[in-house]
Structures are given as structure tokens and as C-alpha cells.
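Asker: Take a look at the letters that make up each chain.
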Amino acid sequence: MPSWEPLAGLWRSRSAALGLGLIAFVLGVALFGPAVAPHDPFRTAPLERLAAPSAAHPFGTDSLGRDILSRVIHGARISILIGLISVSISLFPGTLLGLLAGYFGGRLDSVIMRAMDMLLAFPAILLAIFITAILGPSLPNTMIAVGVVYIPHYARIVRSSVLALKEQLFVQAIAHLGGGHGRILFRHVLPNALPPIIVYATLGMGTAVLQAAALGFLGLGAQPPQPEWGVMLSEGRQYLQIAPHVAAFPGGAIFILVLGFNLLGDGLRDVLDPTLRAL
Amino acid sequence: MGAAAVLSISGLRTEFRTRRGPVAAVDGLDLELPAGETFGLVGESGCGKSVTALSILRLLPRPAGRVAAGSIRFEGEDLLALPEAAMRRIRGNRISMIFQEPMTSLNPVLPVGFQIEEVLRKHRGLSAREARAEAGGLLARVGMPDPQSRLDDYPHQLSGGMRQRAMIAIALACRPALMIADEPTTALDVTIQAQILELISRLQAEFGMSVLLITHDLGVVAETCREAAVMYAGRIVERAAVARLYARPAHPYTVGLFRSLPRAVGRGGKLTPIPGTVPHPAELPPGCAFQERCFQRHAACREDPPWAEVATGHFARCWKPLG
Amino acid sequence: MAEALLQAEGLVKHYPAGRSGLGRGRAVVRAVDGVSFEILPGETFGIVGESGCGKSTLGRLLLRFEPPTAGRVLYEGRDVCGFDARRLKAFRREAQIIYQDPYSSLNPRRRVGELIAEPLEIHGIGGPAERRERVAALLGEVGLRPEHARRFPHEFSGGQRQRIVIARALALQPRFIVADEPVSALDVSIQAQVINLLRELQERFRLTYAFISHDLGLVEYLADRVGVMYLGRLVEVAPCAAICADPLHPYTEALWSAAPMPDPAARRRRILLAGDVPSPIRPPPGCAFHPRCREAFDRCREEAPLLREVAPGRRVACHNR
Chain A
426 MPSWEPLAGL WRSRSAALGL GLIAFVLGVA LFGPAVAPHD PFRTAPLERL AAPSAAHPFG
486 TDSLGRDILS RVIHGARISI LIGLISVSIS LFPGTLLGLL AGYFGGRLDS VIMRAMDMLL
546 AFPAILLAIF ITAILGPSLP NTMIAVGVVY IPHYARIVRS SVLALKEQLF VQAIAHLGGG
606 HGRILFRHVL PNALPPIIVY ATLGMGTAVL QAAALGFLGL GAQPPQPEWG VMLSEGRQYL
666 QIAPHVAAFP GGAIFILVLG FNLLGDGLRD VLDPTLRAL
Chain B
9 MGAAAVLSIS GLRTEFRTRR GPVAAVDGLD LELPAGETFG LVGESGCGKS VTALSILRLL
69 PRPAGRVAAG SIRFEGEDLL ALPEAAMRRI RGNRISMIFQ EPMTSLNPVL PVGFQIEEVL
129 RKHRGLSARE ARAEAGGLLA RVGMPDPQSR LDDYPHQLSG GMRQRAMIAI ALACRPALMI
189 ADEPTTALDV TIQAQILELI SRLQAEFGMS VLLITHDLGV VAETCREAAV MYAGRIVERA
249 AVARLYARPA HPYTVGLFRS LPRAVGRGGK LTPIPGTVPH PAELPPGCAF QERCFQRHAA
309 CREDPPWAEV ATGHFARCWK PLG
Chain C
16 MAEALLQAEG LVKHYPAGRS GLGRGRAVVR AVDGVSFEIL PGETFGIVGE SGCGKSTLGR
76 LLLRFEPPTA GRVLYEGRDV CGFDARRLKA FRREAQIIYQ DPYSSLNPRR RVGELIAEPL
136 EIHGIGGPAE RRERVAALLG EVGLRPEHAR RFPHEFSGGQ RQRIVIARAL ALQPRFIVAD
196 EPVSALDVSI QAQVINLLRE LQERFRLTYA FISHDLGLVE YLADRVGVMY LGRLVEVAPC
256 AAICADPLHP YTEALWSAAP MPDPAARRRR ILLAGDVPSP IRPPPGCAFH PRCREAFDRC
316 REEAPLLREV APGRRVACHN R
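Chains as they are written, first to last, in the working numbering: chain A, 426 to 704; chain B, 9 to 331; chain C, 16 to 336.
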């Protein structure tokens with residue numbers, strides 16, 4: 426299996442460690458938070474609408490009197506899932522398409538990459554809106570939309586690594602020994618093409634969370650009363666003047682998670698970049 | 009030795025910052041370069057021979073590398089103590105350098121002639137017209153075929169041998185007192201290497217300059233140098249006139265190099281490689297750096313070996329020199 | 016003469032030239048341009064030449080890594096391009112290559128043990144336990160230790176990596192090995208270790224080598240017979256001792272005299288060739304060497320000399336010999 430030894434270097438980078446910490450924190454909240462959340466995130470309390478943060482409601486309440494802390498805690502799970510699932514939706518097909526296009530080249534390459542170019546020609550958010558408009562607004566459809574939009578990015582990154590790798594002597598050596606395409610692709614090319622897409626996927630998690638939140642904000646993603654951070658942000662927008670905390674806390678949560686993914690992604694890039702690994 | 013030295017290095021220590029902390033690529037190097045002849049500095053990769061050259065010219069990659077101690081005296085001044093502006097006047101003017109890969113030291117987007125003229129105008133204050141004429145003359149002197157029309161060629165239009173000639177022309181533009189040639193023929197084919205070595209020898213005599221020829225190739229040294237020094241792990245381990253060095257090497261490392269050389273042992277002879285590999289500069293043993301690979305190591309090798317004079321003008325850093 | 020193990024007959028390999036030939040019809044690089052010779056079982060056949068002379072391409076053609084444009088390679092008398100799948104697989108087992116660069120010929124993300132076992136896996140030899148044993152034995156053969164199997168290539172020096180490459184090439188018990196500049200990337204003292212290893216292995220396993228190199232000292236030391244290449248053609252083929260003592264072709268002579276001798280007492284007259292090697296896209300007409308040859312006369316400019324036998328075992332392509 427590939428060597429992950431350089432990952433130890435992550436700890437030496439302060440920002441990467443901070444990113445890892447932020448993600449671990451949100452992940453912990455997502456896993457264990459709902460059990461310790463002070464209130465039911467769906468229970469409305471008409472008498473406590475838009476209450477400011479207090480001991481009973483540390484993050485205050487929203488326009489229906491729901492406890493914002495509990496909703497943000499439940500939302501963590503949704504956002505982490507959005508990140509994981511939508512990145513998987515772009516990562517796996519994108520990587521496979523890039524591998525095939527780069528390795529076999531020729532007509533297959535032209536067909537795949539032109540299709541990718543077509544996808545890329547649309548602005549990401551517009552394409553996502555288009556897809557959710559067709560599939561109907563819901564959380565799973567948001568993930569599909571955000572995932573599909575980024576397939577071409579992974580395909581391109583993988584393809585360019587593969588183009589370089591297939592000329593490498595160690596790849597040709599396997600062909601010279603009589604090794605088949607499957608062995609060459611999955612044992613020798615893919616593991617060496619992984620580092621850049623690991624970095625990109627990590628950064629992509631942050632982007633996916635943002636995109637999903639944006640769709641939620643526009644009413645095309647998760648639907649109320651789901652405690653999705655983007656939806657909550659959108660609901661809080663109307664009360665920005667009188668009760669800024671309604672929007673501030675979900676917004677802060679998005680910020681923390683996205684920042685975490687970005688810091689970790691940058692840290693990974695530094696560690697996995699072979700040009701910086703001399704000595 | 010004896011004769012005036014054009015350059016004298018003493019106690020040079022050059023360090024590089026690495027993940028394992030500062031590591032000395034050159035440590036305690038003393039070297040007197042004789043004036044007006046070609047001196048060979050031989051060693052395998054990583055022995056510090058190129059770092060020595062870069063230290064002389066103060067061209068170490070910054071901020072990773074720095075000279076930590078020592079002095080380098082040239083024409084009455086300590087190069088290490090000079091302000092940068094004064095050093096810039098010496099570089100390319102009094103001391104010039106040619107590298108292994110001329111492609112990377114020539115600017116790819118400027119014609120060769122322009123690059124030579126630039127040096128002439130900057131360092132020798134020639135007018136544009138004078139510089140152009142002189143550049144053509146220089147190319148002719150370095151044996152460039154069809155020199156006038158080559159002035160307008162870009163580096164990629166020249167062959168490897170011609171590029172090295174162009175580099176030499178630039179190096180000679182200011183009639184330097186010392187030319188440092190770092191593996192000048194390693195990237196070239198044998199027949200082209202022979203041309204370039206011949207050229208360097210001829211120009212050395214014509215200009216009466218001193219040449220420091222840095223190479224890993226004992227054959228190149230034998231054919232071009234009068235005197236040479238062998239480097240190992242950041243220090244000079246042996247120095248002698250070439251005829252003497254090749255006939256009676258005194259340091260076990262030098263002996264090992266010769267025994268590893270197919271051409272030196274001859275067909276049917278037995279190659280006796282030096283066992284093991286060069287230790288990492290951060291993991292040198294105390295005392296003699298070569299002790300772990302040496303065929304005659306003994307207890308004393310754990311102490312710093314003396315710079316012993318084996319015969320007149322023949323020195324080796326060894327407790328038990330041969331020869 | 017013994018039966019040849021491998022025979023090249025009029026081998027030609029042309030590649031389409033890149034951008035340099037654009038707009039001038041179909042320019043081709045004549046990498047190998049009509050080469051015939053034979054390699055006898057158990058010998059080391061040295062292929063010498065300067066960069067761009069086509070020696071590496073020739074090595075790849077011998078191993079059928081790519082098809083020749085014209086001509087044939089016969090292995091035990093049979094055309095390697097006519098092999099069916101089964102014969103080809105056997106040929107892939109029996110003929111191996113050692114590359115010049117031990118840094119790029121090993122996948123950096125796989126353990127040494129996996130790398131050496133890979134040829135066995137590809138050819139379906141042995142089970143996992145047997146393969147592990149075989150890897151340990153192979154590591155021993157090349158002077159490494161069994162526990163090295165668990166390390167990654169970057170933990171080794173250049174010389175040790177080349178030993179790993181050699182172990183992998185030996186895994187399938189080959190008969191014929193093309194060694195393409197196997198020690199050029201290594202330091203002198205390490206070179207000698209690898210050369211000694213190659214010689215030992217040849218003796219132990221009765222290997223036949225095609226030893227490709229630009230280093231005359233090495234070829235002189237190792238080879239039984241030598242072929243000298245210039246611009247895609249063989250200019251001289253002869254037993255090594257003969258060619259060193261008395262090179263016949265003017266190019267061979269210049270090449271030998273240009274190689275620096277590590278012996279100041281032997282400072283001899285160097286024959287300096289004028290100019291550079293011409294481009295293999297537009298080789299000179301007639302004898303490709305004539306523009307640099309001091310013996311060239313009219314015929315050389317018009318007619319390419321054929322490689323012909325001038326003494327037993329000695330062939331040279333020159334109108335003057």
C-alpha cells in the first residue's frame with residue numbers, strides 16, 4: 426500500500442493541525458452532539474420567538490422559538506454528510522474518467538474530456554441550480570447537484586497526472602514485464618496520482634458545504650424545517666436588523682467547517698508535494 | 009605550491025539548513041590554488057566540490073546555505089568579508105564560472121551574442137558597437153563555427169558543445185584571473201568533451217589565467233591538470249602533482265577510486281569497489297570521515313588525521329598514508 | 016561460430032519528427048537506420064555510441080518494446096514480432112532490461128518486496144509464500160538483506176536501488192538482459208560494485224548481456240564483442256580486444272582517442288573531431304560520418320558504405336578499409 430509516512434509532517438504545520446482540529450471538533454459535534462443537545466431542534470415555542478442568547482438558550486432562539494444551539498448541532502451532521510457524499514459523487518467518477526482518458530488517450534480521451542469541458546462551461550452554482558430545478562429541491566438532490574458539478578475538476582486533475590505518470594520509467598517497466606492495463610492503472614498509476622486529488626477533495630469538502638448552503642439559502646436545497654445551516658441562514662436573513670444571532674450562529678458554523686477543510690487541504694498540499702520533500 | 013597562489017581558502021565551513029538542522033557540506037577546507045595553471049578538484053557527488061565553488065563566488069542558494077567560518081583570499085582581499093557590490097564586480101570580471109549544463113545558465117529568451125555583449129558593456133564599459141565586434145571575436149576564439157552569424161542565435165538553436173563554447177566566451181569576456189569550471193564536460197559526449205577540454209587548456213595558456221576544474225572524472229583530470237586535490241565528505245583528503253597522484257596515491261580513498269575504475273585496472277583486471285556508501289554529512293563519524301569504508305582502518309582513525317606530507321608537495325589527510 | 020541467441024537483421028526504426036519538421040512534408044527521425052548483428056549465447060555484446068546515435072532505441076527493439084519500421088529481430092532463430100501470445104509471454108520472461116536511472120524505474124509507493132515479486136505475480140509463478148521466499152533469495156543474490164523487502168525505494172541509495180532493479184530483472188530467471196547504461200547515474204566507487212555484481216551474476220546464471228553504454232572504459236572492461244554506432248548505423252563490429260588495440264573505422268578511432276584515460280603518463284595524441292553529430296532527421300548523404308572524417312573522399316559523400324567483414328569476426332563500414 427502507498428506510503429503515508431509523510432502525513433506525519435502534518436502535525437508540524439500549525440495551520441494544518443488547526444484545520445484538523447476544527448474538523449475534528451465539528452465531527453465530534455456531529456457524532457455526539459445530538460445526544461447532548463439541550464433542546465429538540467424541531468420544537469417550536471411561539472412565546473420565545475427571537476430570544477437573545479441566554480443561559481437557557483446559549484445561541485438564542487429563531488423566529489419560531491426553536492433553540493438555535495440545538496439546530497446548529499443537528500446541522501453539523503447534515504453539513505458533514507453533504508461534504509462527504511457530494512465529494513464522493515464527484516471524486517469517484519471524476520477519477521475514473523480521468524484515469525481512462527489519460528491512460529488510453531485517443532478517441533476515448535477526446536470524448537470524455539469534451540464532455541467534461543461542456544460541464545465546465547456552466548458556472549458551477551448555475552449548473553447546480555439547474556440540476557436541483559430538474560430533480561426537485563431536496564437535500565439528497567443538493568448533494569447530487571453539487572457532486573456532479575465538480576466531476577470535471579477531478580477528471581482534469583487525474584488526467585494530467587496520468588499523462589505524466591504513464592511516461593515514467595517505473596510504469597513502462599511493468600508493461601515491459603508483460604503486466605496488463607489493470608495492474609498498471611490501479612497499482613502503479615493511481616496510487617501516484619492520488620496526492621493531488623486528496624488535496625483537492627479536502628478543499629472540495631469546504632466548497633461543497635458552501636455550495637449546499639448557498640442552495641439551501643436560495644430555497645433549492647434542504648427544505649425547512651430541516652436544521653441545515655444554509656436554510657437557517659436564509660431564515661435568519663429577515664431578522665438581521667432585530668435579531669442578528671439567528672443568522673450569525675449558523676453562518677459562524679459554516680465558516681468554521683469550511684476554514685477547517687481549507688487549512689487542512691493547504692497543509693496536505695505542503696506535505697504531499699514531492700518538490701518540497703527533498704532531504 | 010611554492011609559487012604564488014591566486015586564491016587561498018582556509019578553514020572554510022559551509023552549512024546548509026536541513027530538516028535535521030544545519031549540516032556542513034564543506035568543513036575545514038584549506039586550499040591554495042596555484043596561479044597560471046589548471047588545478048583539478050576531484051570527488052564524487054555530494055563531496056562538497058560544487059559547494060566549494062559556490063562558496064568562493066558567494067553564490068550559495070539563500071537562505072538555505074551560508075558560509076559559517078573560514079576565509080577566502082583573492083588578490084589581497086577576503087572575499088567573504090567584501091560588501092555585495094564589490095563582490096559583484098569580482099564575479100564575472102576577475103573570477104568567472106562555467107557550469108555543467110550551459111542551457112540552464114544561459115538566458116533562453118535572449119540571443120547568445122546579446123548575453124556576451126551585456127557582460128562586455130557592464131564590466132568592461134564597451135560601447136554597443138565595440139561590444140558586438142568583441143563578442144564575435146570571442147566566439148571565434150572559443151572555436152564557434154561561423155561566429156558572426158551565431159551571435160543572433162538563441163541558446164536552444166545551439167548544440168550542447170556550442171552552448172558550452174558560448175558559456176566559455178562569456179566567462180572569458182573580462183579576462184578573468186581565475187575561471188572555475190564545474191563539471192564543464194559532464195553533460196557532453198566524449199568527442200565533444202575532448203574538444204571542450206582542449207579548448208579550456210588552450211585558452212588557459214593563451215590568457216595565462218588560473219583554472220579550477222571541478223570534476224568527478226579522474227580521466228579528465230589526468231588529461232588537463234598539472235596538480236589536483238581529492239575531496240571526500242567536505243574535506244580535501246589528498247593533494248599532489250597529477251603525475252605523482254596517479255602513480256602513487258596515498259590516501260586509501262584515492263586508492264579505492266583507482267581500483268574502482270575499469271580503465272585503470274584494465275581488461276581482465278579485478279575491480280575492487282569501495283565498500284558501503286558515502287555517509288550523510290549529518291552522520292559523519294568522529295575523526296576520519298572515510299574510516300568506515302577504509303581497508304586499513306585502525307584505532308587512531310577515530311582522531312582527526314593529520315595533513316601529512318608524504319613526499320615533497322604530496323599531502324594526504326591520513327594516519328597511515330600509502331605511496 | 017556458435018548459434019546466435021539474438022539476431023538483428025536490417026533493423027530500422029523511424030519516428031515522426033516533432034515540431035522541427037513541421038511544414039516540410041513528413042520529416043522522420045532515423046533513430047535506427049539499417050542495423051544487423053548477432054549476439055551469441057553467454058557473451059556480453061557492447062553497444063557503444065554517443066547520445067542520439069540510436070543505441071537505446073536499438074535495445075528497445077531487441078526486446079520488442081516497440082515494433083521496428085523495417086527489418087527483424089530473431090530470438091533463437093524466430094522473429095520476435097511473429098510470436099503468438101504464449102511465445103511472447105515466454106520471451107518477456109527470458110529477456111529483461113536494466114534501466115539507466117534507478118530513481119525513476121521503481122514505483123516510489125510500493126515496497127521493495129512487492130516490486131521484486133511483481134514479475135512473478137504477472138507471470139503467475141508460485142504462491143504468496145513462495146514468492147516471499149524467492150524475493151528474500153533474490154535480495155541475497157544482489158547483496159541486499161531479506162529485511163530490505165519491507166522498505167520503500169527512497170530509503171536506498173542509487174547503487175542499492177540499482178541492485179533492486181537487478182533483482183527484479185532476475186526474478187524470472189532470464190537468459191538475456193539488455194543493460195541500458197546501468198551504471199551511468201552512479202558514482203565511480205558505486206559503479207564498480209554494480210559492475211562486479213553484473214559479472215558475478217552472468218557467470219552464475221549464464222546470462223547473455225547486451226551492454227549499452229557511452230562509457231568506453233566500461234565497455235572495454237566488460238564486453239566480449241563491441242558494436243559501435245553512429246547516427247543510427249553500426250560502423251564497426253569486432254571483438255573487444257581487437258577494437259581497443261586497433262580500431263578500424265575512423266570514428267571508432269576518434270572515439271577511443273577522445274575518451275580520457277585516467278593515466279597522465281599515457282597522454283597521447285588525441286584525434287579531435289571537428290563539429291557536432293549531425294541531426295538524425297537530415298543525416299548527411301553517403302557515409303553519415305563523412306563531414307567529420309579526415310579521410311573522406313568523393314565516394315564517401317555519395318555512397319553509404321556497407322558493413323562488411325574485413326578480417327575474421329571484424330566488420331567495418333568504411334570505403335577506406
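I should point out that these hints are in silico values taken from the structure, not numbers from a laboratory. All figures in this text were calculated on a predicted structure; none of them were measured in a lab. One should not assume that every hint holds.
Said to hold, decoys possible - Distance condition first, Cα-Cα at most 20 Å in a straight line; then the derived DMTMM-like pairs of lysine to aspartate or glutamate:
(1) A:LYS591 to C:GLU81
(2) B:LYS278 to C:GLU81
(3) B:LYS278 to C:ASP230
(4) B:LYS278 to C:ASP278
(5) B:LYS278 to C:ASP239
(6) A:LYS591 to C:ASP116
(7) B:LYS278 to C:GLU215
(8) C:LYS104 to C:ASP94
Asker: Give a verdict on every hint.
Answerer: We went through each hint and held it up to the structure:
{"no.": "1", "hint": "A:LYS591 to C:GLU81", "result": "16 Å, holds"}
{"no.": "2", "hint": "B:LYS278 to C:GLU81", "result": "37 Å, violated"}
{"no.": "3", "hint": "B:LYS278 to C:ASP230", "result": "18 Å, holds"}
{"no.": "4", "hint": "B:LYS278 to C:ASP278", "result": "17 Å, holds"}
{"no.": "5", "hint": "B:LYS278 to C:ASP239", "result": "16 Å, holds"}
{"no.": "6", "hint": "A:LYS591 to C:ASP116", "result": "16 Å, holds"}
{"no.": "7", "hint": "B:LYS278 to C:GLU215", "result": "12 Å, holds"}
{"no.": "8", "hint": "C:LYS104 to C:ASP94", "result": "14 Å, holds"}
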